[in-house]
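Trainee: Given chain A, put chain B in place with the hints provided.
So the protein sequences, as listed, match chains A and B. If you use our numbering, the first sequence corresponds to residues 1 to 140, in order. If you use our numbering, the second sequence corresponds to residues 1 to 340, in order.
Among the hints, a few may not be true.
With a straight-line Cα cutoff of 30 Å, these simulated DSSO-like cross-link-like pairs (lysine-lysine) come out [unchecked claim]:
#1 A:LYS137 x A:LYS89
#2 A:LYS57 x A:LYS114
#3 B:LYS50 x A:LYS57
#4 B:LYS294 x B:LYS50
#5 A:LYS57 x B:LYS54
#6 A:LYS114 x A:LYS60
#7 B:LYS191 x B:LYS205
#8 A:LYS20 x A:LYS137
#9 B:LYS54 x A:LYS130
#10 B:LYS75 x A:LYS130
#11 B:LYS75 x A:LYS20
#12 A:LYS137 x B:LYS75
#13 B:LYS111 x B:LYS220
#14 B:LYS135 x B:LYS223
#15 B:LYS223 x B:LYS111
#16 A:LYS114 x A:LYS130
#17 A:LYS114 x A:LYS20
#18 A:LYS20 x A:LYS89
DEER-style ranges, computed between Cβ atoms [stated by the list, open to error]:
#19 A:VAL138 x B:SER86: 31 to 41 Å
#20 B:THR277 x A:LYS130: 20 to 30 Å
#21 A:LYS130 x B:LYS247: 27 to 37 Å
Covered stretches of chain B, as calculated for chain A (at least 3 residues, CB under 8 Å) [said to hold, decoys possible]:
#22 48-61
#23 67-78
#24 273-287
#25 315-321
#26 327-334
Simulated from the structure, these hints should not be mistaken for laboratory data. Computed from a predicted structure; not experimentally measured. Every residue, glycine too, gets a C-beta built ideally from N, C-alpha and C.
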Amino acid sequence: MIFEGRQQSEVFQRVGELRKVLIVDDSVSMRQMVGFTLRQGGYDVIEAEHGQDALDKLNKLANAMVDLILTDLNMPVMDGITLIRNVRKMPTMKSRPILMLTTEGLAAKKEQGKAAGATGWIVKPFDPDKLLQTLAKVLP
Amino acid sequence: MIRFFQNRPSAAVASLPPGVAVGAPEILPDVEAELAQYLPHFSRMSEQLKQTSKQIESSVVEVCNSFQGIAERAKEAVARTASFLSQAGEGSSDTQSFETLIENCSGTLVKILNTTEEAGEVSRRAIERIQQIDKASQSIGAAIQQLEQIAEGNKILALNARIEAARAGEHGAGFAVVAMEVISQTERTQKVNAQVSELILNLRKLAESTLNDLQRMNDKDRKRVDQCRLEVDDSLRDLQSAHGEMKTMLTGITEEGALLATDIGAAVRGLQFQDRTSQRIGHVVEDLDTLYAKLATRFGNGSEVGTTSDKGFSDYTMHEEREVAGIHGTESSQGDVELF
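Excised from the complex, chain A in its bound form:
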């Protein structure tokens, strides 16, 4: 269930503070659906429209505040793979989980993502429960 209390308690790390997830997707509706699911699961959400927007926001937020990035692959301005390569260069984001959330399921693309430093790959459409379970799994 997407709004069970237990999930909220599982994702608390710092006292009184929710885990922060950066959602990167050029689709407004996807950002909204992912954001809705994550908020119901007890996460704090920041949104970015594309890779470059995400990098700008990370720099603005002093990036240490973001616990996980959930990014689409194909986006205008900067795609997901390029975003991951850039994020992995940031010292504080080296070990933070980055999950791809894309309609693309091609094995070759997955390999590219893995090589760039992605933590995992989720093929859209996502199942809300499964998405929350995956986040709980990759967040230490």
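Mentor: For chain B alone, kept in the frame of chain A given last:
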């Protein structure tokens, strides 16, 4: 399409535009003109598709907003119900559970009924004692009657003694005085007997009246207590049953809320069709734009601004697109999750 082409005569090869192979079909000039006329439709079709995609996206965003509101309210209702149920089930330092309240009410009412019953028992015992007193009074009355008979006998005896004393003359004078005294004492005894008899009679009347009052009260109390006990039992049963029903109803609301959450989860999954549709439309738009640029370069009249023909057709990013295009490769299914 075939009817627009004809085999290019060998004499015309020299006049072919650069890039057109020898032997390639030639397009008739009037068809060229017609194609140029249709060129603007490409950009219109492309714009129509873009706008349609945007409209679908706006609708999905609105639907998603509504779901968000429904989910928030359901979440709140479930949380309130769960809190109410846990409070009603366990109670806390400053509140009592419904079970405890019902138990306490029941205990208090039973105590009141027991006290009333005890009062009834006391009055029953009082009735018995008054009955015993009445019996004792009857015995005293009988004893007084016997005393009266004895006194009457003594009186006759004293009269006889006076007669005998008179007969004895001077010698019987003292005996006559004694006989008179016996008569006097007997008469005094008879007076006292009469007073005691009257007192006993009054006492018996009073006892009888008290007895009647107590019996009436006792009968009424007994009936009232029995009636109250039945009413209290019924009310407590109703209260417990209503509480049970309320708990069942609240549990139902919690379960419904959970089901609603599952349904919303399924709806969120279903609504993602828009993202896939939007991407596919986007790729069609890209291809239409590319096709338009290529045709404009070849057949346009130079009025198409910003068109470029060197852009290739779009790369497909979804399984369904690749399947239509006949492209195959190893790929994951929708919803798959893989952690590296």
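Trainee: Going through the numbered hints above, which ones does this structure break? Give me the numbers in ascending order.
Mentor: Violated hints: none at all, because every hint is consistent with the structure.
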